[in-house]
Amino acid sequence: MAGVVVTLIFAFLWARDVMTPGRATTTGGPEPAGTADAAPIPAHEGGPAMPPADEPVGERMPRNKFLELTTLGLGGVITGLVVGPVLGFAVLPAFTGDELDAVDLGPLDEYPKGEWREATFMSDPAAGEVSRRTAFIRNNGMVDEQPSVTIISNRCVHLGCPVQSGGPRQDEDQETIKTEQAELTVTPIQPANFSCPCHGGAYDTEGNRIAGPPVRALDRYKYSIKGGNLFLLEPYSVGEVKGEGAEAMIKAYGLQGPGEHVDGPSGLLYPIQPQDFG
Amino acid sequence: MAVVPPPSRRRKRRMDQVVGLANIPIDWLEERSGLVGGVKYFLFRKVPSDINWFHTLGSATLTAFLVQAATGVILAMYYSPHPDEAYESIRYITHDVTLGWLVRGMHRWGASVFIILLFLHMARVFLFGAYKYPRELNWIVGVMLLPLAMLEGFTGYLLPWDQTAYWATVVGINLNGTGPIVGPLLAQFLRSGDEIGADSLTRFYALHMLLLPGAIMGLIGLHLYLVIRLGVSSPPWSEEAAGKERTEAPPSGERGLVRPRARGGRPRGE
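Here the protein sequences come in this chain order: A and B. For reference, each letter of the first sequence is one residue, going 114 to 391 in our numbering. For reference, each letter of the second sequence is one residue, going -4 to 265 in our numbering.
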């Protein structure tokens, strides 16, 4: 490819060179006639053997200059051809991740009305333990003949540590539910709040910040119900929750990273999200 | 004093032969590369006579880096950057591999030593005013080395893949994520996706043992080149550098880390 380009450029230059009249003009030329018989004069007399050129002599683009530029240009092209894919390979995969499948959280009957459960599951069974996630789930009962469920992510919105429920917890009643995808453990809890061990962020049971450094309310998960089973869909960020349970009014935003404001002037600091490329 | 008898001529000739023989490979190398002269120039170059122990902090930092590089290479022979195996391989290095605890300990504690020496060296250069003309560029190179060294610390911290490592890295990456505008993209790049996983671990491993050390080595080379080219600076109290005549050196017992007592007065204890 590059070879073809170089050949074409050279062919064009050669053709232009051939067709330009008066090409290869050099100073000097044959000695003027009549001087051969003249008596020799000393070197320090007479004019210079070669008159000084008034203007640079030669072509507009001398060959060595052209070759220099061509070499540099070709080197640049080759560097680009190598660096482009390498950088793309290093950077792009992080932004083109596959969408995760919905996670089957088992039958809705496992989540009695008005009670909290802590569900631990693998969001991507193929990736293994590293994809283990925890969500706090409360069945709010039926609203307009549709089940209403609150699913709060345990990822602290300060810097991403795992929040824990503050209150009793019945580890002895922990159940393991096997679904088609994987298995998850469900533990009954009675949270008075959620709190983070890393920097002391604290949230009420709707996920609103009550203390510490978090900048918004806890993230929540969308959900769907198919065949009586509760399915976990993608998470979303929450500015603030007014009301409780089924009557809660949620200010929802697209998922943002921990520590990022979603509303107010500081929310303008994060106009581009990685999800925009997915 | 013992009187050394003059060696016999024969003995001397044999000695010369041995020396000449030993010099053959050195001469061979020197003639073809000039390396021997270069190393001699580096090792025996002139430095101001009133430098002190604080001037060794740069070499100490370099030594700490070389220790990290050497122990890191050995650790890489046993470490496995896979989420299912990383922690086990660290456990294996620490408890099962002969002297593995020692090499890992050197690497782990040496990392802190490296950073501490780096800051002490930087403080020395700053407080002595050694960053001033014509050494500004070397200060800039040093300032570029500092974040690279700290990135080494950040990427290395994840590799043991235990709870501390994981959550510290979660917090560290999310801190980057709070940077305005590019923060979320930077965080996404660092964790190689939406969440920390297998790709994050291998990415940190590659950064930690290939990209960052390579960049650090290149910059250290530039740093040293500038040190040799520009020479070592005198301390700010140097009378020599101030153009005063050098007085008699104090007795060796009076030299030390601290500024020498003003000369000309009566030495202590006399």
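Bear in mind the hints are in silico, worked out from the structure with no lab data behind them. Because the structure is a prediction, the values reported are computed rather than measured. Incorrect hints may have been included.
Distance windows between CB atoms, simulated [stated by the list, open to error]:
1) A:Leu194 - B:Leu94: 44 to 52 Å
2) B:Tyr36 - A:Glu158: 28 to 36 Å
3) A:Glu293 - B:Ile135: 57 to 65 Å
4) A:Pro310 - B:Ser28: 56 to 64 Å
Selected chain A positions facing chain B (in silico; Cβ < 10 Å) [as the list claims (entries may be wrong)]:
5) Arg129
6) Val131
7) Asp237
8) Val243
9) Arg246
10) Val256
11) Gln259
12) Gln294
13) Cys311
14) Gly313
15) Tyr349
16) His374
Rough simulated footprint, nothing fancy, chain A against chain B, three-plus residues with beta-carbon under 8 Å [what the hints assert, rightly or not]:
17) 155 to 166
18) 181 to 188
19) 192 to 202
Heads up, the beta-carbon is just placed ideally off N, CA and C, and yes, glycines get one too.
How the hints compare with the structure:
1. For the hinted restraint 44 to 52 Å between A:Leu194 and B:Leu94, the CB-CB distance of approximately 46 Å keeps it satisfied.
2. Taking the beta carbon of each, B:Tyr36 and A:Glu158 are about 54 Å apart, not inside 28 to 36 Å as hinted.
3. Taken as a hint, the range 57 to 65 Å holds for the pair A:Glu293 and B:Ile135, whose Cβ atoms sit roughly 59 Å apart.
4. Against the hinted window of 56 to 64 Å, the Cβ-Cβ separation of A:Pro310 and B:Ser28 comes to about 59 Å, which satisfies the hint.
5. Using the Cβ-Cβ criterion of 10 Å, the hint placing A:Arg129 at the interface with chain B is not satisfied: the shortest such distance is roughly 45 Å.
6. Look at A:Val131: its Cβ only gets to about 49 Å from chain B, farther than 10 Å, so that hint breaks.
7. The criterion of a C-beta within 10 Å of any C-beta in chain B is met by A:Asp237, whose closest approach is roughly 8 Å, and the hint holds.
8. At its closest, the beta carbon of A:Val243 sits 5 Å from a beta carbon of chain B; the interface hint therefore holds under the 10 Å criterion.
9. Contact between A:Arg246 and chain B, as hinted, is supported at the beta carbon level, the nearest pair being about 9 Å apart and thus within 10 Å.
10. A cut of 10 Å between beta carbons decides the hint on A:Val256: the least distance to chain B is about 31 Å, and the hint is violated.
11. Interface restraint check: A:Gln259 against chain B, minimum CB-CB distance 29 Å, threshold 10 Å, status violated.
12. At a threshold of 10 Å, the smallest CB-CB gap from A:Gln294 to chain B is about 17 Å, leaving the interface hint violated.
13. At about 6 Å, the closest approach between the beta carbon of A:Cys311 and any beta carbon in chain B falls short of 10 Å, and the interface hint on this residue holds.
14. Look at A:Gly313: its Cβ only gets to about 13 Å from chain B, farther than 10 Å, so that hint breaks.
15. For A:Tyr349, the shortest C-beta to C-beta distance to chain B is roughly 13 Å, which exceeds 10 Å, and the interface hint is violated.
16. For A:His374, the shortest C-beta to C-beta distance to chain B is roughly 9 Å, which falls under 10 Å, so the interface hint holds.
17. Three residues within the 8 Å Cβ limit are the bar, and the segment 155 to 166 of chain B against chain A gives 3, so the coverage statement holds.
18. Closer than 8 Å: that is the beta-carbon criterion, and the segment 181 to 188 of chain B has 6 residues meeting it against chain A, so the requirement of 3 holds.
19. Three residues within the 8 Å Cβ limit are the bar, and the segment 192 to 202 of chain B against chain A gives 3, so the coverage statement holds.
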